[in-house]
Structures are given as C-alpha cells and as structure tokens.
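Engineer: Take a look at the letters that make up each chain.
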Amino acid sequence: AAGVIQSPRHLIKEKRETATLKCYPIPRHDTVYWYQQGPGQDPQFLISFYEKMQSDKGSIPDRFSAQQFSDYHSELNMSSLELGDSALYFCASRWRGSSSYNEQFFGPGTRLTVL
Amino acid sequence: QKEVEQDPGPLSVPEGAIVSLNCTYSNSAFQYFMWYRQYSRKGPELLMYTYSSGNKEDGRFTAQVDKSSKYISLFIRDSQPSDSATYLCAMSAVAGTALIFGKGTTLSVSS
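In order, the protein sequences belong to chains A and B.
Just so we're aligned, residue 14 is where the first sequence starts under this note's numbering, counting upward by one.
Just so we're aligned, residue 92 is where the second sequence starts under this note's numbering, counting upward by one.
Because the hints were derived from the structure by calculation, they are not lab data.
Be a bit skeptical, because a hint or two may be false.
To give an idea of the interface, some chain B residues facing chain A are shown, with a C-beta separation under 10 Å as derived from the structure [said to hold, decoys possible]:
#, residue
1, K93
2, V95
3, P99
4, Q129
5, R151
6, K158
Reference listing, derived: stretches of chain B covered by chain A, where coverage requires no fewer than 3 residues with Cβ under 8 Å from a Cβ of chain A [what the hints assert, rightly or not]:
#, segment
7, 103-115
8, 132-139
Model, not experiment: these values are computed from the prediction.
Ideal Cβ positions, reconstructed from N, Cα and C, are used throughout, including at glycine.
Using the sequences plus the hints, can you model the full thing?
Structural biologist: Below, the structure written as structure tokens:
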C-alpha cells in the first residue's frame with residue numbers, strides 16, 4: 014500500500030539559512046499534519062491542513078510557514094534556521110471520510126541538521 | 092505536568108514474554124487513543140487505535156482503554172525480537188485534531 018512520502022530524507026543547513034520540507038500524503042487523504050520530534054522527545058504538533066486550508070496550529074515558530082497545494086501535498090518552509098531546529102520532522106496524513114477514528118499515518122520523516 | 096505520561100523504560104524482556112505498556116492522561120476529553128511503534132530513526136507506525144473505552148485485539152496485540160481511570164494499555168503476547176522498538180501512545184479529544192503523544196517506552200526483546 015502507498016505510504017506518506019517525505020523529501021528530502023536528510024537535510025543539512027547552516028544557521029540562518031532556509032529549508033523547505035515536502036510531504037506527499039497517501040492517495041485520497043485530504044488532511045496533512047506536521048510534527049517535530051527532537052532527540053529523545055515525543056512528536057510535537059506544528060500545524061495541519063484540510064482541503065488546502067489551515068485547520069489547526071500548534072507550537073510552530075513564526076519563522077516557519079506551511080501550505081497545502083491543490084494536489085494535497087504540503088510544504089513546510091523554515092527560515093532563519095537555529096541550532097534548536099535540528100530534529101526529525103514528520104508529516105502525517107488522514108482521510109476525513111474514512112471513519113470516526115482519528116488515525117493518522119506517518120511518513121518516514123526528514124532529518125534536519127542545523128550547523 | 093504533561094497531558095500524557097508514559098514510562099520511558101527501557102523495558103527488557105525475553106522472547107515469548109507478555110509485555111504491558113501503559114500511559115496515563117489528565118484530559119478527560121480525550122476519546123481517541125492510538126499506539127504507534129517507532130523503530131530507530133523511522134516514522135511512527137500505527138499499531139492500534141480505539142475510540143472511547145474498551146478493548147481491541149489484533150493478533151498478538153491488545154489495546155485497553157479505561158477512561159474512568161484515565162489509563163490506557165497495550166499488551167503484546169509472545170513477544171519477538173522484531174518487537175524491539177519504541178512504543179508511543181497518542182490521543183486526542185476530537186477526530187481530525189492533533190495527536191498528543193507520550194514520551195514513548197523503549198522495548199527490547201532478547202532471543
């Protein structure tokens with residue numbers, strides 16, 4: 014079965030640089046979530062989109078922005094990178110019409126290292 | 092205090108053992124409960140999900156939810172070395188909203 018695709022898988026940036034992470038949800042899934050997982054930490058919710066509109070916002074820094082496109086893929090744009098932004102960034106997707114459950118399916122993640 | 096508490100372990104068991112993983116939570120509005128398995132440097136893989144209280148079984152895995160005690164459990168029967176991973180509980184109050192995760196329990200099953 015098709016899974017969530019994230020690119021790139023690994024990214025190394027310098028402080029103050031910008032980065033763009035991409036997420037391609039499972040086909041037919043209309044909702045995308047972004048999570049950040051620091052070393053040894055649990056995933057923390059950043060932001061989500063449903064039908065190309067922002068649906069929920071978590072602890073996303075003002076330096077970050079995201080959007081969902083007409084083909085439902087999503088991009089997370091990160092500017093003025095700081096050392097503390099080094100983490101695994103996960104995208105998850107869900108189809109609202111699937112059931113009353115809230116199951117979210119995660120991608121393999123993008124490992125961002127800021128030097 | 093975090094909304095979801097989970098003992099990080101590590102938990103080490105011999106192959107074939109029954110494993111019990113647990114989470115407690117403070118928000119009584121939570122009604123969607125999930126268990127994810129995460130191998131090192133990989134994305135969380137959805138194992139089990141339940142709605143409200145009760146039990147759910149899938150193969151060697153059983154998920155239990157006790158909303159009166161704000162306590163959820165995942166049982167793994169006949170544990171295998173391939174079960175060695177970090178297990179994360181996650182929950183939310185409303186369908187479609189962000190998941191709140193526990194810190195994860197690291198499990199090691201030795202052959």
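Engineer: A separate judgement is required for each hint: does it hold in the structure or not?
Structural biologist: Hints, verified against the model:
no.: 1; hint: K93; result: holds, 9 Å
no.: 2; hint: V95; result: holds, 8 Å
no.: 3; hint: P99; result: holds, 8 Å
no.: 4; hint: Q129; result: holds, 9 Å
no.: 5; hint: R151; result: violated, 20 Å
no.: 6; hint: K158; result: violated, 16 Å
no.: 7; hint: 103-115; result: violated (count 0)
no.: 8; hint: 132-139; result: holds (count 6)
In summary, the numbered hints that this structure violates are 5, 6, 7.
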